[in-house]
Amino acid sequence: MILTRTVERLTPWLVPIAILLGWQAAAATGLVSTRFMPAPSDVVAAGWRAGASGELWTNLWVSFARAATGFLIGGSIGFALGLANGLSQLSERLTDTTLQMVRNIPHLSLIPLVILWFGIDEGAKLFLVAIGVFFPIYANTLHGIRSVDPQLVEMGRVYGMSRTSLFTRVVLPGALPSIFVGLRYALGIMWLTLIVAETISASSGLGYMAMQAREFMLVDVVVLAIVIYAGLGKAADAVTRLLERRFLAWNPAYRNA
Amino acid sequence: MIATALRLHDAITIPARERPARESPARENPALRSARAEPARNAGGIGITVRDLTKSFDSPAVIAGLDLHVPAGQFVAIVGRSGCGKSTLLRLILGLETPTAGRIDLESASARLPPKRIMFQEPRLLPWARVVDNVAVGLGETGTKAERRVRAQAALAEVGLTEKAANWPATLSGGQRQRVALARALVSRPGLLALDEPLGALDALTRIDMQAMIERIWRAQGFTAILVTHDVAEAVAMADRILVVEAGRIALDVKVEVPRPRRRGDADLAALEGRILDHLLGERAPA
Numbered sequence: 001m002i003l004t005r006t007v008e009r010l011t012p013w014l015v016p017i018a019i020l021l022g023w024q025a026a027a028a029t030g031l032v033s034t035r036f037m038p039a040p041s042d043v044v045a046a047g048w049r050a051g052a053s054g055e056l057w058t059n060l061w062v063s064f065a066r067a068a069t070g071f072l073i074g075g076s077i078g079f080a081l082g083l084a085n086g087l088s089q090l091s092e093r094l095t096d097t098t099l100q101m102v103r104n105i106p107h108l109s110l111i112p113l114v115i116l117w118f119g120i121d122e123g124a125k126l127f128l129v130a131i132g133v134f135f136p137i138y139a140n141t142l143h144g145i146r147s148v149d150p151q152l153v154e155m156g157r158v159y160g161m162s163r164t165s166l167f168t169r170v171v172l173p174g175a176l177p178s179i180f181v182g183l184r185y186a187l188g189i190m191w192l193t194l195i196v197a198e199t200i201s202a203s204s205g206l207g208y209m210a211m212q213a214r215e216f217m218l219v220d221v222v223v224l225a226i227v228i229y230a231g232l233g234k235a236a237d238a239v240t241r242l243l244e245r246r247f248l249a250w251n252p253a254y255r256n257a
Numbered sequence: 258m259i260a261t262a263l264r265l266h267d268a269i270t271i272p273a274r275e276r277p278a279r280e281s282p283a284r285e286n287p288a289l290r291s292a293r294a295e296p297a298r299n300a301g302g303i304g305i306t307v308r309d310l311t312k313s314f315d316s317p318a319v320i321a322g323l324d325l326h327v328p329a330g331q332f333v334a335i336v337g338r339s340g341c342g343k344s345t346l347l348r349l350i351l352g353l354e355t356p357t358a359g360r361i362d363l364e365s366a367s368a369r370l371p372p373k374r375i376m377f378q379e380p381r382l383l384p385w386a387r388v389v390d391n392v393a394v395g396l397g398e399t400g401t402k403a404e405r406r407v408r409a410q411a412a413l414a415e416v417g418l419t420e421k422a423a424n425w426p427a428t429l430s431g432g433q434r435q436r437v438a439l440a441r442a443l444v445s446r447p448g449l450l451a452l453d454e455p456l457g458a459l460d461a462l463t464r465i466d467m468q469a470m471i472e473r474i475w476r477a478q479g480f481t482a483i484l485v486t487h488d489v490a491e492a493v494a495m496a497d498r499i500l501v502v503e504a505g506r507i508a509l510d511v512k513v514e515v516p517r518p519r520r521r522g523d524a525d526l527a528a529l530e531g532r533i534l535d536h537l538l539g540e541r542a543p544a
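Chains as they are written, first to last, in the working numbering: chain D, 1 to 257; chain A, 258 to 544.
No lab work stands behind these hints, which were simulated from the structure alone. Yeah, the Cβ is synthetic: ideal placement off N, Cα and C, and Gly gets one too. Among the clues, some could well be false.
Listing some non-contacts, in silico: residues in chain A with all C-beta distances to chain D over 10 Å [what the hints assert, rightly or not]:
id, residue
1, T306
2, R374
3, T401
4, Q433
5, M470
6, D510
Coverage of chain D stretches by chain A, computed from C-beta distances (three or more under 8 Å per stretch; other residues unrestricted) [stated by the list, open to error]:
id, region
7, 118 to 128
8, 169 to 176
Quick partial rundown of chain A residues pointing at chain D, CB under 7 Å, derived from the structure [to be verified]:
id, residue
9, F314
10, A318
11, I375
12, P384
13, G397
14, R464
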């Protein structure tokens, strides 16, 4: 019984481990040139060196701060507009068409313009991240509020809830599952945007670290950066899952997710 | 912003450690005891007088010049075919719709009119609030959190769901959910309870249990009850008086004289049911 459970828990990791072992073997036997693809052990060594010199932590922190700031700015505006347009017809009629038009522009296509406006300063990166996370949060908040069960809203009214408690006790909790979907999308877009922006124009951060390494042909550092991105994405996803399990515990779909 | 949303949401769910279930009486604080000591006495039922009531959304009128008097504390059942205006009449009496013409007067023996409550066809529980908090919704915004809890617990006890207080509504059966909705409707000691086909979606046995439960609580509390239903047998079993609504008017107004507790399958009840059904079906027969 315990044995089967351990096997079950290890199964998802079999393929990654096999790939790593094969990769290491291929590099060691010279099947793959380490000039193009470093052995896993080299990547670990590069991580150790960058960590020891402090360079890794500085860059990691810079990137994280950018991501978080951009996310907070874009996410708050998106959330606020989503609420406003979900609750007020006037606000929706006024802004929704414009927002839908802007939404169809790939935000990364703004990079040249953004560089002209902000140079390669922090502003450029924050702006791109904010724009990127704005739309998923906006669209899903709006959709969430729209899809709140009107029967529950009527019940709240009949039972004498004030407008404030109708919002905090019925509308917002009802919209929350959809808002979380937006949050997940936004976190993915946040990393994507930041990495692209840092790769193109930056003087610090993980993307910068990778580009710098490319100039000196430090393939191990380039791969290290990519592995770190994967880890950060996984971490963001894990945090969302945790929040969902905490705040959507009432929903059978999330209870054991 | 997101964090704010999460906090607001948090404020309405109960963290596990605060769950009210099974407190030992010794640890009760005085505030709770005083709330519990509050008598279960009812302010009395609401009497309803409807004069020349008309309601039209588009022509023709759904309710057309209807007159009705319901004395305080009576259990009235309204039956009729779909679209006859019975639900609209109920909503008008509750003040959920405004009359096109005519008037509705509500009066009660107490100085302030006690609350009016409705039980819908669906339970309409908030899925993100635990059972006890769903019941507390019926109290509106009155009282401290602890008082509200205690009163909600008492109402849950009345419908026999004390042990489900800390559950999520999703974990309950259909009948249990409707009992929670009943507790929510009753927790504020209403003077008028409107029942808009609340048992329609339940299975036959659960229905009979619920009917008995509603009847028992009505007898104990003395509110005025208005039951809208398709089911004539249900109307006959529960009500003091049955109104048949046709084309926006009261077509038949009969008293049910059979004493309570009523036995299912009673001959008098069956005869009355037959009479009302004949009336309803006769209406459809080609002239």
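Quick rundown of the hints versus the structure:
1. For T306 of chain A, the requirement that its beta carbon stay farther than 10 Å from each beta carbon of chain D is met, with the minimum near 22 Å.
2. Interface exclusion of R374 of chain A from chain D breaks down, the closest Cβ pair being 8 Å apart, not more than 10 Å.
3. No Cβ of chain D approaches the Cβ of T401 of chain A within 10 Å, the least distance being about 16 Å, so the stated non-interface status holds.
4. Every CB of chain D lies more than 10 Å from the CB of Q433 of chain A, the least distance being 15 Å, so the non-interface label holds.
5. No Cβ of chain D approaches the Cβ of M470 of chain A within 10 Å, the least distance being about 21 Å, so the stated non-interface status holds.
6. Remark: the non-interface label on D510 of chain A is consistent with the geometry, its nearest Cβ contact in chain D lying 27 Å away (cut-off 10 Å).
7. Chain A is given as covering the region 118 to 128 of chain D, and this is violated because 0 residues of the stretch bring a CB closer than 8 Å to a CB of that chain, at least three being needed.
8. Restraint check on the region 169 to 176 of chain D versus chain A: 6 residues with Cβ-Cβ distances below 8 Å, three needed, restraint holds.
9. Against a cut-off of 7 Å between C-beta atoms, the interface hint on F314 of chain A is violated, since the closest Cβ of chain D lies about 17 Å away.
10. The interface hint given for A318 of chain A is violated, since its Cβ lies 23 Å from the closest Cβ of chain D, which is over the 7 Å cut-off.
11. About 6 Å separates the beta-carbon of I375 of chain A from the nearest beta-carbon of chain D, less than 7 Å, and the hint is met.
12. For P384 of chain A, the interface hint holds, since its Cβ comes within 7 Å of a Cβ in chain D; the closest pair sits about 5 Å apart.
13. For G397 of chain A, the shortest C-beta to C-beta distance to chain D is roughly 5 Å, which falls under 7 Å, so the interface hint holds.
14. Using the Cβ-Cβ criterion of 7 Å, the hint placing R464 of chain A at the interface with chain D is not satisfied: the shortest such distance is roughly 21 Å.
Of the numbered hints listed earlier, those contradicted by the structure are 2, 7, 9, 10 and 14.
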